[in-house]
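**Student:** Residue numbers (our numbering): 2 to 324.
Just so you know, these hints were derived from the structure itself, not from any lab.
Glycine included, every Cβ here is placed at the ideal spot set by N, Cα and C.
Keep in mind that the hints are not guaranteed to be accurate.
Quick list of the computed label-pair ranges, beta carbon to beta carbon [to be verified]:
#1 151 / 297: 30 to 38 Å
#2 98 / 297: 37 to 45 Å
#3 243 / 274: 31 to 39 Å
#4 173 / 49: 32 to 40 Å
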Amino acid sequence: MGAGGLQDGRPLRVVAFGGGHGLAASLAAWRRLTDDVTAVVTVADDGGSSGRIRRELPVLPPGDLRMALAALAGAGEREQSLAALLQHRLGGTGGLAGHSVGNLLLTGLVELHGGDTVRALDELAAQLGACGRVLPMADVPLDLVARVEPVDREDHAQVRTIRGQVAIATTPGRVREIRLSPADPPVHPAVLEAIAAADVVSLGPGSWYTSVLPHLLVPQLRAALTAAAAKVVVVLNLEPQPGETDGFSPEEHVTVLQAHLGGVPLHSVIADADSVVDRRGLLSAVRTCGAELVLAPVAELDGAPRHDPVRLSAALASVVGVR
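I would like the entire structure built from these sequences, with the hints used as guidance.
**Tutor:** Structure (C-alpha cells):
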C-alpha cells in the first residue's frame, strides 16, 4: 500500500470515478500514493454476468463494483487469494456459466443486508483488507442513452438513438450525445461526503462515454464536484475505443469532456507522452478547459495499450504534490 502524504503529514484523500478496467488501472496507481481512496463506480453495465443479474434481481449491476474491490485488495496472501476468487468466472455451459464469483457473492451480501449495497460493499472490502472504499455512483441501476452518428458524417438521417451500455459500445459510428435514465438518480450520502472531503478527484482512464462522462451527468455528483475544494485530475486514454470514440484524438477527448463539465472545475490533464501526435492541439484544448497539461510516460513498457501503475502513480504524484 502507498504511504504518500501531504505537507501537513496527513494521508492524501482521493476519490476516483470510473468503471471497468480503466478505473482498476487508476486505483492501482492511486493506492501506491495513499491508503485513503474512495472509488465511485458506474452502475450502468447491462452486459455479461452483471446484465444477467440485473435483469433477474432488483440490484445494482455488480461487475464494476467487484473489479474496484479487487483492485483495492490488501497485499497479503489471504487478501489476494480472495481477490482472485472474486475475479474468477465460472466455466461450463449451464445457467451459472460465465458468472464471476464476486458478482454472485456481492449480490448475495446485498440480499442479506436487505438491499443495502453500501453495507455489502463495506463488508466485502473489510474481508479483502481493502485500502479504501468502493461506492456506487447512484443508488439505482442506470441506463445509458446515446445518439450515435454514422462514420459518414454527412448522412445525418442515419443518426440513431441507442439504449444500453453494451449496445452503445458495439454500435459502429461515433457517439455524439449521452444521457442517463433516470436523469436525476439518488446518490448515497457517503459519496457526497467523500467528494466534499477529498483533496483530489480523478476521472479516467476508461470508456469515455460509458464509464467516465456519466458521472458528470448525475446532478448531485456534478453539484458536489462544483462545490468541492478538491483538485480535479483527468487521465486520458492511450488510444480511441472502437464503437465509442473511433478516430478520436486526445484533444477530441478533452473537447468532449469540456462539453460535459457543466461548471465542474478541471485542474490537470495527464496524457501519455508517446500517445500524443498533436501536442499543440492538445495543449490548446486543455487550456480552454482552464487546466494544465502533464505529458508523461504512463503506458506499459511492453507497448500494450494499458496504463502502468508505477508510471501512472509517478505522474499523479507530480500533479498532486505528495511525498
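**Student:** Now tell me, hint by hint, if it's right for this structure.
**Tutor:** A quick look at each hint next to the structure:
1. 151 / 297: 30 to 38 Å: holds, 36 Å
2. 98 / 297: 37 to 45 Å: Once the Cβ atoms are compared, 42 Å apart, the range 37 to 45 Å for residue 297 and residue 98 holds.
3. 243 / 274: 31 to 39 Å: violated, 24 Å
4. 173 / 49: 32 to 40 Å: violated, 21 Å
In terms of the numbered hints stated before, the structure departs from hints 3, 4, listed from lowest to highest.
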